[in-house]
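J.: Here is what each chain is made of, one letter per residue.
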Amino acid sequence: MAVLVLADHDNASLRESTAKAVTAAVLLGGDVHILVAGLNCAPAADAAAKIDGVAKVLHAESPRYEHMLPEPLAVLISSLGPSYDALLAPSTTTGKNVMPRVAALLDVMQISDMMNVLAPDTFERPIYAGNVIETVRSRDAKKVITVRVTAFQAAGQGGQASVELLDAVDTPEISTFVSEELSRSERPELTSARIVLSGGRALQSRENFTKYIDPVAERLHAAVGASRAAVDAGYAPNDWQVGQTGKIVAPEIYIAVGISGAIQHLAGMKDSKVIVAINKDPDAPIFQVADYGLVADLYTALPELETELARIGI
Amino acid sequence: MKILVPIKRVVDFNAKVHVKADGTGVELSNLKMSINPFDEIAVEEAVRLKERGVATDVVCVSIGPAQSEDVIRTGLAMGATRGILVTFDGELEPLAVAKALKAVADDEKPDMIFLGKQAIDYDCDQTGQMLAALLGWPQGTFASKVEVDGSDVVVTREVDGGHQTVRLKLPAIVTADLRLNQPRYASLPNIMKAKRMPIDKKPIESLISDTAPRLEILKMAEPPHRKAGVKVASVAELVSKLRTEAGVL
Ligand SMILES: Cc1cc2nc3c(=O)[nH]c(=O)nc-3n(C[C@H](O)[C@H](O)[C@H](O)COP(=O)(O)OP(=O)(O)OC[C@H]3O[C@@H](n4cnc5c(N)ncnc54)[C@H](O)[C@@H]3O)c2cc1C
Chain A
4 MAVLVLADHD
14 NASLRESTAK
24 AVTAAVLLGG
34 DVHILVAGLN
44 CAPAADAAAK
54 IDGVAKVLHA
64 ESPRYEHMLP
74 EPLAVLISSL
84 GPSYDALLAP
94 STTTGKNVMP
104 RVAALLDVMQ
114 ISDMMNVLAP
124 DTFERPIYAG
134 NVIETVRSRD
144 AKKVITVRVT
154 AFQAAGQGGQ
164 ASVELLDAVD
174 TPEISTFVSE
184 ELSRSERPEL
194 TSARIVLSGG
204 RALQSRENFT
214 KYIDPVAERL
224 HAAVGASRAA
234 VDAGYAPNDW
244 QVGQTGKIVA
254 PEIYIAVGIS
264 GAIQHLAGMK
274 DSKVIVAINK
284 DPDAPIFQVA
294 DYGLVADLYT
304 ALPELETELA
314 RIGI
Chain B
42 MKILVPIKRV
52 VDFNAKVHVK
62 ADGTGVELSN
72 LKMSINPFDE
82 IAVEEAVRLK
92 ERGVATDVVC
102 VSIGPAQSED
112 VIRTGLAMGA
122 TRGILVTFDG
132 ELEPLAVAKA
142 LKAVADDEKP
152 DMIFLGKQAI
162 DYDCDQTGQM
172 LAALLGWPQG
182 TFASKVEVDG
192 SDVVVTREVD
202 GGHQTVRLKL
212 PAIVTADLRL
222 NQPRYASLPN
232 IMKAKRMPID
242 KKPIESLISD
252 TAPRLEILKM
262 AEPPHRKAGV
272 KVASVAELVS
282 KLRTEAGVL
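Here the protein sequences come in this chain order: A and B.
Residue numbering for the first sequence follows my numbering, beginning at 4 and increasing consecutively.
Residue numbering for the second sequence follows my numbering, beginning at 42 and increasing consecutively.
Keep in mind the hints are simulated off the structure, nothing from the lab.
Please note that the accuracy of each hint is not assured.
[Stated by the list, open to error] Straight-line distance between alpha carbons at most 27 Å, and here's what the computed DSS-like set of lysine-lysine pairs gives: (1) B:Lys272 with A:Lys276; (2) A:Lys214 with B:Lys282; (3) A:Lys145 with A:Lys59; (4) A:Lys283 with B:Lys282; (5) B:Lys91 with B:Lys210.
[Stated by the list, open to error] What follows is a set of in silico ranges between Cβ atoms, one per label pair, in the way DEER data are often shown: (6) A:Gly33 with B:Ala253: 25 to 33 Å; (7) A:Glu184 with B:Glu278: 35 to 43 Å; (8) B:Ala62 with A:Leu30: 29 to 37 Å; (9) A:Asp110 with B:Asp98: 26 to 34 Å; (10) A:Arg187 with B:Ala253: 42 to 50 Å.
Glycine residues also receive a C-beta, built at the ideal position from the N, C-alpha and C atoms.
Just need the whole structure built from these sequences, with the hints factored in.
T.: This is how it looks when you write it as structure tokens:
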């Protein structure tokens, strides 16, 4: 048995989601290989070789792979298909984009957002916004899986896998990269932060996110998230959205401020260790999942929280 | 230009689903069913392209039981020009859906296919990508902006770190994210008109022979429910509880 993991990276570095997918791959059993496809992505390939449990890194260099466009990448991955019993990727926007394309090329039904390995062919995954967990057994000879990264710890560092260069596979150029607008933030990354502080519609403006959320996030070294309503209204960038159709997070502390707690939002955060809710409506559904609820106006509670944290030296 | 818009009938996003007592599936009887919200966004985008004179034909296709006709009529009331119902009773997996849609596309020869990025029942996020693979077309998934430019379509995508823009050669697949547009409410006259529009019906067997699921569902269960905790009276109490009781600060 051999398992291939598609690395998520930005050429210069490897994203932590890759090491989490490796943990899932190890649970399947057999040799774990990582594919790092990109341009000038040797640093990412070297980082992949250091992940515990990885036997080999396949390093493919080509301008076609620089932005991990799914059309050329899926052809490359499916060409490796015959050597593997399972192909995995973290369930990031890259993994979600590429893997179903691979699955179709291999005539396999993908298991999306896999959250638990019960046997090499049997898995759990969330459906209906995480309100139902289904256990499925795959009848396909080969498995194609995207891995819910919050469900697996990152594999450790200390491996010494060999790195093997791989030729690019020729494909017609039906897609090209135009541009990228990545939000720069000094805050920790949302999906791996220990503390997440999220704001909802009640924040009312982008300025209020800066004025009320940021100072507290700063003190807590928290990542900042948002509800869909806040993102739709332009108060927060799209990549901050937590929920069924945004990011899935499971930090040690999740603080929901001015968020009502719609099931689509809960789907993205209810596996957090401790949930704190600040909402002025005592009947807001978010309180039904919160370990600690504070019924208060956020515009007084957040400045107070900042002062209190400062007072105790956080 | 012709745009094909596959749409799915799903449990309404406001409905609360429960697992059947025997764990074999989800109790759907008596729950409100609607067009998958992402598919509605896909229809809206196609109709806007028609209204701007970029597209001439917007064809809605749904695969499912007879009642799926309702969501096709929703699409027609929004401004789609034609409907196709591929009849199938039961759950069809994304791979089989993609194969059936490929057969429809081979027949209809659209220039673009707009789908929702995921269906809110099984949350698979696969069909568009699979269909693109089977057709050998490029794909612009999680789209928040779509612009047709000659024989290309330029798609801005919502990605983990922000936005990415790609240029795709037509024919192409686009999957809609939440912020692509705000779907309209169909007007009453348009709803009435849509009721009388003919819908092409064909059985799934006329498109694909293999509908057998590849994933055997062994069990469905509700995840452990979180219990509501305590209400704290002040910010100071909150911080102190987080430190001493929860030990997380
Ligand atoms: C297909 C689909 C997908 C979706 N995906 C997502 C998703 O991924 N993520 C997501 O978040 N949502 C998602 N939604 C939207 C979801 O259903 C809710 O509409 C959304 O989460 C509401 O955001 P909110 O809680 O910020 O706003 P609201 O529901 O309007 O809640 C605002 C809250 O703020 C409180 N409040 C107001 N003023 C104050 C104040 N001064 N101080 C304290 N509290 C105050 C109110 O009491 C209220 O509880 C999706 C919906 C659909 C249909």
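J.: Against this structure, judge whether each hint is valid.
T.: Hint check results:
no. : hint                               : in the structure
1   : B:Lys272 with A:Lys276             : holds, 17 Å
2   : A:Lys214 with B:Lys282             : holds, 25 Å
3   : A:Lys145 with A:Lys59              : holds, 20 Å
4   : A:Lys283 with B:Lys282             : holds, 20 Å
5   : B:Lys91 with B:Lys210              : holds, 19 Å
6   : A:Gly33 with B:Ala253: 25 to 33 Å  : holds, 27 Å
7   : A:Glu184 with B:Glu278: 35 to 43 Å : holds, 42 Å
8   : B:Ala62 with A:Leu30: 29 to 37 Å   : holds, 31 Å
9   : A:Asp110 with B:Asp98: 26 to 34 Å  : holds, 31 Å
10  : A:Arg187 with B:Ala253: 42 to 50 Å : holds, 49 Å
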